[in-house]
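> What follows is the residue order along each chain.
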Amino acid sequence: DAKTTQPNSMESNEEEPVHLPCNHSTISGTDYIHWYRQLPSQGPEYVIHGLTSNVNNRMASLAIAEDRKSSTLILHRATLRDAAVYYCILRPFGANSKLTFGKGITLSVRP
Amino acid sequence: GAVVSQHPSWVICKSGTSVKIECRSLDFQATTMFWYRQFPKQSLMLMATSNEGSKATYEQGVEKDKFLINHASLTLSTLTVTSAHPEDSSFYICSANLGQGGPYEQYFGPGTRLTVT
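Quick note, the sequences are listed as chains C and Y, same order.
Heads up: the first sequence begins at 1 in the working numbering, then just goes up one per residue.
Heads up: the second sequence begins at 1 in the working numbering, then just goes up one per residue.
Check the hints yourself; a few may be wrong.
Straight-line alpha carbon distances no greater than 27 Å define the calculated BS3-like cross-link-like pairs of lysine-lysine that follow [unchecked claim]:
1. K69(C) <-> K3(C)
2. K41(Y) <-> K3(C)
3. K103(C) <-> K41(Y)
4. K20(Y) <-> K41(Y)
5. K41(Y) <-> K98(C)
6. K20(Y) <-> K55(Y)
7. K69(C) <-> K98(C)
8. K66(Y) <-> K20(Y)
9. K14(Y) <-> K41(Y)
10. K20(Y) <-> K98(C)
11. K14(Y) <-> K98(C)
12. K3(C) <-> K98(C)
13. K98(C) <-> K66(Y)
14. K41(Y) <-> K64(Y)
15. K55(Y) <-> K66(Y)
16. K41(Y) <-> K66(Y)
17. K98(C) <-> K55(Y)
18. K103(C) <-> K69(C)
19. K103(C) <-> K3(C)
20. K64(Y) <-> K103(C)
21. K66(Y) <-> K14(Y)
Hints are computed from structural coordinates only; laboratory data are not their basis.
Let the hints inform the model, and build the full structure from the sequences given.
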């Protein structure tokens, strides 16, 4: 499976935008970029996913580099509830394709 | 959004006994469900892929006779930990695919904390 690289941790201030980077230089043409987040003692939560174009939803935006070797998850206004571990995962196209979780990036939000 | 539930949310059992964990998709049908295990301070590790009406596919190193998976309907998958030992104590999480055949997102249950004494 193609791997992703994320910083271990990041800090942000409440109500400010947050940009979480992810490198995936070995991405293949059929890999989708997925982001999930996990709060302590909870199951992961789907955030967003995309293939080539930038994507927006009510939770976040996903900016994908033109060569697809990197992407950035953007939280437009961080809140304390956004403090979590964020996982950037490449998921191959296919009915039973798996999500392989790495270590993710731990986001802390300062009040 | 799609909701996945798990029951129980936590369980304590004695060594040598078996424990069943249920995973349900509440507002959608899930042909494929996944089971993960997460130890403290670690990431999620996929244990098996569960397909409705067929045998589960286990990841390398996961004992299929110890972790029995049944996906009898499009909304229910169960994981039974047989002859549990203290080293099986972990956070067990299930997920379900929204849709078939595409790059759809997965929705996760809230997890089940298993403690084996």
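> Please go over all the hints and tell whether each is borne out by the structure.
Each hint tested on the structure:
Between K69(C) and K3(C) the alpha-carbon distance is near 11 Å, which keeps this suggested pair within the 27 Å criterion. Between K41(Y) and K3(C) the alpha-carbon distance is near 20 Å, which keeps this suggested pair within the 27 Å criterion. Of the pairs offered as hints, the one joining K103(C) and K41(Y) holds, with about 10 Å between alpha carbons and a cut-off of 27 Å not exceeded. Restraint check for K20(Y) and K41(Y): satisfied, since their Cα atoms lie roughly 24 Å apart, inside the 27 Å limit.
For the hint linking K41(Y) to K98(C), the alpha-carbon distance of about 22 Å falls within 27 Å, and the restraint holds. Distance check on the hinted pair: K20(Y) and K55(Y) sit about 17 Å apart at the alpha-carbon level, within 27 Å; holds. Using a Cα cut-off of 27 Å, the hinted pair K69(C) and K98(C) holds, with the two alpha carbons roughly 20 Å apart. Pair hint K66(Y) plus K20(Y) holds up; C-alpha atoms about 12 Å apart against a cutoff of 27 Å.
Taking the CA atoms of K14(Y) and K41(Y), the gap is near 24 Å; set against the 27 Å cutoff, the hint holds. Distance hint between K20(Y) and K98(C) is fulfilled; the C-alpha atoms sit about 23 Å from each other, no more than 27 Å. Restraint check: the Cα-Cα separation between K14(Y) and K98(C) comes to about 32 Å, which exceeds 27 Å; the hinted pair is violated. Between K3(C) and K98(C) the alpha-carbon distance is near 13 Å, which keeps this suggested pair within the 27 Å criterion.
The straight-line distance between the Cα atoms of K98(C) and K66(Y) is roughly 22 Å, inside the 27 Å bound, and the hint therefore holds. A C-alpha spacing of about 25 Å is found between K41(Y) and K64(Y), which places the hinted pair at or below 27 Å, so the restraint holds. For the hint linking K55(Y) to K66(Y), the alpha-carbon distance of about 15 Å falls within 27 Å, and the restraint holds. As the CA atoms of K41(Y) and K66(Y) are separated by approximately 24 Å, the hinted pair is consistent with the 27 Å bound.
Distance hint between K98(C) and K55(Y) is fulfilled; the C-alpha atoms sit about 17 Å from each other, no more than 27 Å. A threshold of 27 Å between alpha carbons decides the hint, and for K103(C) with K69(C) the separation of about 19 Å falls inside it, so the pair holds. Among the hinted pairs, K103(C) with K3(C) is consistent with the structure: their alpha-carbon atoms are about 11 Å apart, no more than 27 Å. Straight-line distance between C-alpha atoms of K64(Y) and K103(C) comes to about 26 Å, which keeps the hinted pair within the 27 Å bound.
A distance of roughly 16 Å separates the Cα atoms of K66(Y) and K14(Y); the hinted pair therefore holds under the 27 Å criterion.
Consistency with the previously given hints fails for number 11 only.
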